[in-house]
Each structure stands twice: as structure tokens, then as C-alpha cells.
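**Q** These are the residues of each chain, in order.
Protein chains: 2
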Amino acid sequence: MNQTENMIQAAFSQRINQVPRSFIRDILSVTNKPEIISFAGGLPNKDFFPIEEIKACTQKVLEQEGHQALQYSTTEGLPALREQICANYKKQGLKVSPNQVLITTGSQQALDLIGKVFIDKGDRVLIEEPAYLGAIQAMSMYEPEFYPVPLTNQGLNPFLLEETLIQKNIKLAYLVPNFQNPSGISYTEQRRAEVAELITKHNVLIIEDDPYGSIRFGEKAHHSLYYYAPEHTFMLGTFSKTVAPGFRIGWIVAPNQHYYEKLVTAKQAADLHSDIFSQRIISSFLSEYELENHIKKIIKAYKSQSEVMIQAMEEHFPSEASFTKPQGGMFCWVNMPSHFSAMKLFHEAIKQNVAFVPGVPFYIGKQDSNTFRLNFSCSTPEEIQEGIRRLSEAIKNNFT
Amino acid sequence: MNQTENMIQAAFSQRINQVPRSFIRDILSVTNKPEIISFAGGLPNKDFFPIEEIKACTQKVLEQEGHQALQYSTTEGLPALREQICANYKKQGLKVSPNQVLITTGSQQALDLIGKVFIDKGDRVLIEEPAYLGAIQAMSMYEPEFYPVPLTNQGLNPFLLEETLIQKNIKLAYLVPNFQNPSGISYTEQRRAEVAELITKHNVLIIEDDPYGSIRFGEKAHHSLYYYAPEHTFMLGTFSKTVAPGFRIGWIVAPNQHYYEKLVTAKQAADLHSDIFSQRIISSFLSEYELENHIKKIIKAYKSQSEVMIQAMEEHFPSEASFTKPQGGMFCWVNMPSHFSAMKLFHEAIKQNVAFVPGVPFYIGKQDSNTFRLNFSCSTPEEIQEGIRRLSEAIKNNFT
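Chains V and Y, in that order, are what the protein sequence lines are. Residue numbers for the first sequence follow the working numbering, beginning at 1 and rising by one. Residue numbers for the second sequence follow the working numbering, beginning at 1 and rising by one.
Hints are computed from structural coordinates only; laboratory data are not their basis. Treat each hint with caution, since some may be false.
Just so you know, same-sequence chains aren't split out, so a pair can sit in one copy or run between any two.
[Stated by the list, open to error] Below 30 Å or equal to it, Euclidean Cα-Cα: the simulated DSSO-like pairs (lysine-lysine) are:
{"hint": "1", "residue 1": "K46", "residue 2": "K33"}
{"hint": "2", "residue 1": "K33", "residue 2": "K60"}
{"hint": "3", "residue 1": "K396", "residue 2": "K91"}
{"hint": "4", "residue 1": "K168", "residue 2": "K121"}
Make a model of the complete structure from these sequences and hints.
**A** Right, dumping it as C-alpha cells:
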């Protein structure tokens with residue numbers, strides 16, 4: 001480095017040097033070629049964006065409340081939208097007051113705000129292994145130490161959970177109990193109760209992130225962790241997977257008013273408020289149309305796509321590969337034997353014109369992994385079948 | 001406090017306890033009554049929101065690029081919008097590349113991101129006195145020490161500026177050279193050159209916040225600090241005062257690619273990207289309509305409102321009051337004799353059904369001030385005349 005570069009490097013805060021570079025950003029730049037079938041993304045399927053409905057709602061908002069939709073607004077978010085969110089929770093048997101709901105610029109901002117308000121440097125944060133890497137990135141800004149606890153197919157391993165809670169003096173746990181990204185795993189009802197009980201016993205805060213909960217293929221919905229531990233749980237939600245992500249509208253349910261007030265202060269400092277035009281459009285959409293009916297269409301498609309993917313993997317993958325069979329959400333997770341390199345497989349797969357995300361960014365401090373993530377929400381059944389066939393070729397080449 | 005409350009308080013990070021409570025939020029809750037003429041707000045005039053044009057642009061965006069407008073998008077922001085921002089700078093004689101432009105969720109987020117990337121606890125930040133309190137709030141999250149340097153009518157006092165730069169080992173200076181909030185003061189051309197030279201000499205970073213620069217009543221535009229110190233200056237901009245604030249779309253121009261990349265990393269962790277639907281609407285508005293013509297209407301109104309306010313103050317205020325005569329923006333700043341309490345005046349003024357913001361939140365560590373801020377952009381000429389008359393009554397009552 002020359003002198004100028006040294007000066008530039010010296011200007012950065014300590015925290016920004018802690019934040020992992022986005023591996024997925026780098027990967028997506030390789031996987032954008034048209035000849036590649038990509039299971040690497042994490043996007044909802046654009047075919048289900050309610051464009052015509054949004055068009056109608058937008059017109060209505062501009063005609064009936066244009067001035068308010070374009071002016072500055074309150075930090076907490078649109079009162080009508082906060083009430084609609086509570087009404088949805090009520091249908092699930094959860095009692096939430098609009099005074100607990102803070103509208104955020106996507107769930108991602110919820111993670112940033114909770115980090116800002118609750119994490120000091122060196123505070124200990126428990127995460128799932130593998131974990132959603134956007135949460136690791138957001139919280140890294142506040143320089144905690146992360147303690148991963150392995151996920152089983154039933155949810156977080158309760159013995160390792162309690163051991164970590166006791167030994168590591170954990171302050172905050174970040175959990176995604178429904179159809180987790182990247183694993184597709186959903187906690188069983190019993191595991192939810194156990195996890196919530198342990199968390200409550202050790203007086204730890206929970207971030208319960210739930211972007212995929214309503215994209216549920218069949219089985220009856222389980223209770224949220226908030227249901228079991230309402231005094232300890234921040235419940236996060238978003239319209240990104242059910243309406244559209246472009247609006248960047250999500251929310252936090254705070255467990256008490258003390259926490260809520262500080263989150264509002266942090267939100268105000270962060271961006272004053274989230275786009276009020278988009279908040280009003282979503283609110284109008286929720287009152288004019290039946291969100292549940294809209295979600296049913298998404299579920300039908302994703303369910304079928306996931307089934308095609310699982311069937312193709314069962315047909316083509318070598319017997320050494322195991323994979324989750326998600327009952328909702330957008331992702332499958334593949335486990336290979338322990339010596340297997342998903343990074344090597346990635347480069348081989350690109351040669352075969354198929355892409356995925358190697359597992360490494362979903363762990364703390366790993367250089368490689370024997371796991372990888374497959375997204376099924378954005379590919380046609382034909383693409384899924386052909387892509388899994390190509391991937392199985394790459395796996396076979398990688399084994400030899 | 002009982003035990004539960006103690007536990008709740010103990011959960012908060014150190015940083016959140018550093019952040020000043022929003023004084024203005026508290027004040028606005030008092031000033032919302034219909035009988036009160038309020039100069040307390042800081043809103044652009046809603047009558048100039050281009051609702052019909054936005055309606056047309058929104059339809060076009062949804063018809064022509066609905067899928068992209070509702071999907072996840074890139075962290076940096078819409079390429080077309082970043083090019084349009086550069087084209088606007090080019091008209092001002094400034095060469096800026098789209099690769100330097102990061103779209104943010106309002107200018108407020110720009111302050112949060114720069115704080116995140118460049119401020120460690122205890123770093124020293126130079127601010128104007130009085131200063132924009134949203135910036136103090138945003139940067140407080142990163143626990144710097146603030147060093148205020150008084151504003152004169154020509155801009156920052158250069159002698160005190162250099163003294164502070166030398167004695168305090170300043171890392172970052174936050175400056176608003178055009179029609180500052182709260183003072184309405186604009187730096188002279190000579191003062192800009194002097195300030196930029198000093199800053200460059202002492203190798204300090206500048207945040208040049210410019211929400212009001214294009215709302216200029218008459219005189220020829222001055223050069224930006226970025227023009228004089230392009231290697232040291234983050235130039236901020238926003239569509240909040242020129243198009244509409246509800247969209248929350250602003251931007252940062254970063255002085256080099258190293259800084260830019262880290263800001264992108266911080267932005268991704270903060271909210272992935274800003275509302276892409278709104279970015280596309282604004283981009284469409286900029287290509288379909290002439291922004292300059294739209295701004296001319298805003299200027300005409302605000303100029304007239306400011307003149308009415310100044311004339312009314314000259315007529316009614318006691319000779320002890322002095323006030324700025326802004327040549328742009330949305331605010332006047334009133335100075336009273338040193339023993340005068342703007343807080344006391346506020347309570348008296350509310351009795352007279354007129355409101356303003358006492359100066360205290362615009363300073364660091366003050367409990368009261370002899371100064372206050374008046375907003376002229378949201379009141380009719382009649383309201384301004386009547387409001388200033390009422391305010392002068394309150395001042396007279398406060399003097400006796």
C-alpha cells in the first residue's frame with residue numbers, strides 16, 4: 001500500500017473491518033449468465049407480484065391521500081398498517097398491540113436496529129448453525145461474539161443450546177424457526193416450547209425472524225417463539241415474501257414499551273421513517289384484497305417446485321448426499337460427506353452451467369463446508385430437473 | 001425502579017443511552033392543535049408535491065418494468081437514477097461518476113452509514129453551532145465527541161475552525177453550507193474556499209450535507225465544498241425537498257472507491273437496498289419532466305413566504321431581536337439578547353397559539369438558548385403575518 005492508501009485505510013472504523021464481505025454478492029456476479037440455471041439466488045418468484053392490484057392501490061393512494069403519502073411521516077410507521085399487522089397476528093392466535101409494532105425498511109433494518117439498541121462490543125449472540133448470513137452481517141456492525149448451535153431437523157439442539165447458554169453468558173439469540181434460510185428446517189412444536197423455556201430460564205433475548213412462516217406448504221402452523229416467551233422475544237416480519245420485496249417494508253414486534261421506545265429512537269436516527277408511499281400502498285392492498293388468497297397461489301407454486309427439486313435429487317444425487325425436505329419457504333439444504341468441498345463443487349458446477357450457494361458464508365469462521373443451499377422459488381420445473389441433473393454430474397466429477 | 005425495570009434497562013447498549021431524545025418530536029406533539037400557527041415543523045410544502053406527475057410515472061413504471069420495480073435490487077441503487085444524479089451535478093460544473101453514487105434511504109441514512117463506517121467511539125467530529133440535530137442524533141449512535149464551531153453570517157468562523165482542527169485532532173466535519181437547518185445561513189464563496197483549504201490541510205473528512213442547495217431564491221449558486229476538496233468530501237443529496245420526502249430517497253457521493261465499497265457493505269447490512277419502486281418512480285419523473293422547472297415553482301413560493309416573514313419580523317419584533325435573512329431553504333433563525341430564554345418564550349407562545357423550535361436541541365449540552373428556529377415553507381402569507389404578530393406579543397410578555 002502507498003501512503004494515500006494507508007491514509008484511506010486508517011479512516012475506517014474498527015466495526016466496518018469486522019463485517020464479512022458478502023460472499024453471495026460475489027457469487028451472483030458469476031451466476032448471472034443466461035446459460036446458467038441458478039439455484040443461487042434467494043428471490044421470491046416475480047410471477048406472483050400482484051402488479052395489477054398494486055397499480056390500482058397506487059392510483060387510489062395518490063388520489064385519496066396523495067399529500068400524506070408523499071410527505072414526511074411518523075417514525076413508528078403508518079397506524080393503519082400497524083393495525084393490519086396486528087389483525088393478522090390475531091388470526092394466528094397472537095395478541096399484539098399496534099403500540100408494539102415498528103415498521104422497518106425491510107427485516108434487514110430490524111436486525112440493524114436491534115443490534116444498535118442491544119449489542120455492545122463483545123456481547124454474546126447465539127445463532128443457529130447454519131445461520132442466515134444477512135443477520136450475521138447486520139449484527140457484526142456492533143461487534144458481538146457469535147456462538148453457533150447446530151440445527152437438527154427438529155430445530156436447535158436443546159442440549160447444546162443449554163450448554164451454550166450456561167457457559168457463554170449469552171445476551172441475545174437469533175432464531176428462524178420457520179423454513180430457515182439456508183436450511184429449510186422448521187422447528188417442531190415441542191422444540192419451540194423447549195427452546196423458549198430455556199431462553200426464558202436463562203433470561204436471554206430472542207430475535208425471532210419469520211420471513212417465510214406464511215409460505216407453508218401443508219401442515220398446520222406451529223406456535224411462534226413469541227407465543228411461548230412474549231417477554232423475551234422480538235418478532236420480525238416482512239411483506240417481502242408475501243407481497244413484494246422492492247418496497248422494503250418489514251416490522252418489529254417489541255416485547256415491551258421500554259424496548260419499543262429505544263428502537264424508535266434508533267429508527268429515527270437511521271432513516272427518520274420507512275417509505276410512507278409504499279406503506280400506504282401495502283396497507284391499501286391488505287384492505288382491498290385477501291392476502292391469504294394471494295399467498296395460496298405462491299404456496300401452490302413453491303410447493304410444486306420444491307417437490308420437483310426433491311424428486312430430482314432423489315433420482316440423480318449419489319446416495320452419499322442427504323438433503324432437507326422443506327415444508328415451506330424457498331430453500332433446500334444439501335449435506336455431503338464430511339471430506340466433500342462445496343467450494344470445489346461450485347467451480348465444477350459453473351462449468352456445467354448450474355449454480356448454487358456453497359455453505360461457507362452461513363457459518364462463522366469456516367473456509368469451506370460439505371453443505372450447500374439450493375433455492376427453488378425462481379426456477380421452472382423443467383429448469384429444476386435439468387439443473388439438478390447437471391449438478392449431479394458436477395458432484396460425480398467432484399467425487400472422482 | 002423495580003427488578004424487571006432494572007433488567008430491562010440493563011439490556012440496552014451503551015450507545016443508545018448516548019443518543020439525545022428527540023426534542024422536536026416532543027414539541028410537535030404540543031403544536032399539532034388546529035388553533036396553533038406552527039413555525040415549528042421542518043416539512044416541505046405539500047402543495048408542491050407533483051402528485052399528477054407521480055401518478056403518471058407510477059403507472060408507467062408498473063406497466064413497463066413492474067417485475068423489476070417490485071423485486072429485490074442492487075444495494076448501490078438504480079443505475080439510471082445514479083446517472084441522472086451525475087447529470088445534474090454536471091450542470092453545476094461538478095464531475096461525479098455513477099460509481100461514486102450510493103442511493104440511501106433519505107439523507108438521514110447517509111449520516112448513519114458514514115457514522116458506521118468512519119466513527120469509532122471517542123473519534124472527534126466537528127459540527128457547526130448551531131447544527132442540524134438529525135445529524136447529531138445519527139452520529140451519536142457511534143459515540144464520537146462533538147466539537148461545535150460557531151457559524152457567522154458568512155459561514156463557519158475560520159479562525160475558530162483552524163484552532164479546533166489543530167487542538168482537537170478532528171477526524172470528520174459535518175457541514176451544511178447552503179441555507180443551513182436551523183440557521184438559514186449560507187457560506188460565502190470565499191468562506192467555502194477557506195474552509196475547504198483548512199480541512200484539506202489538516203486532512204479531515206467532510207460530510208457536506210446539501211438538502212436545500214437547489215431551493216435558492218436568487219443569487220448565483222456557490223461552489224460546493226466537494227468542488228474545492230473532492231478527495232476529502234462526502235457530498236450528500238436528497239429528493240425530499242425537490243420532489244417529495246415520503247419516498248425516502250437520498251444519496252452519498254463518495255470521494256473514492258475504497259470509501260464507496262465500505263459504505264455499500266454498511267448499506268447492505270442496514271437495509272439491503274432502498275425502495276426500488278420509489279427509485280424507479282423518481283427516475284421516471286426526472287426523465288419525463290424538467291426538475292428545474294418544478295423547483296422554480298417551489299422557489300417562487302418559499303421566497304415569497306420568507307420575505308413575508310422577514311417583513312413581519314421587522315415590523316413587529318423588538319429591536320433587540322436579530323434574525324437571519326435566508327436566500328434559500330426553509331428556515332429563519334432568531335437571536336435574542338443573551339439573557340433571553342427561548343424555552344420560556346416557547347411556553348408563552350403556545351398560550352398565544354403560535355409555535356417554533358427553541359434553539360436548545362441544535363447545540364451540544366445546552367439547557368436553554370437565546371435563539372430559536374422559524375420555518376416558513378408550510379404557512380400561508382396570512383398565517384405568517386398573524387403568527388409573527390402573535391409571537392411578538394409573546395416576546396413582549398417575556399421581556400416584562
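**Q** The structure should be examined with respect to each hint, and the outcome stated for every one.
**A** Going down the list of hints, with the structure as the test:
In the homo-oligomer, the alpha carbons of K46 and K33 lie at most 30 Å apart inside one protomer (19 Å), although the nearest pairing across protomers, at 45 Å, exceeds that limit. Only between protomers do K33 and K60 lie at most 30 Å apart by alpha-carbon distance; the minimum there is 28 Å, versus 39 Å within a single protomer. In this assembly of identical chains, K396 and K91 lie within 30 Å of each other by CA distance neither inside one copy nor across copies; the values are 48 Å within and 59 Å between. In the homo-oligomer, the alpha carbons of K168 and K121 lie at most 30 Å apart both inside one protomer (15 Å) and across protomers (26 Å), since each shortest distance falls under that limit.
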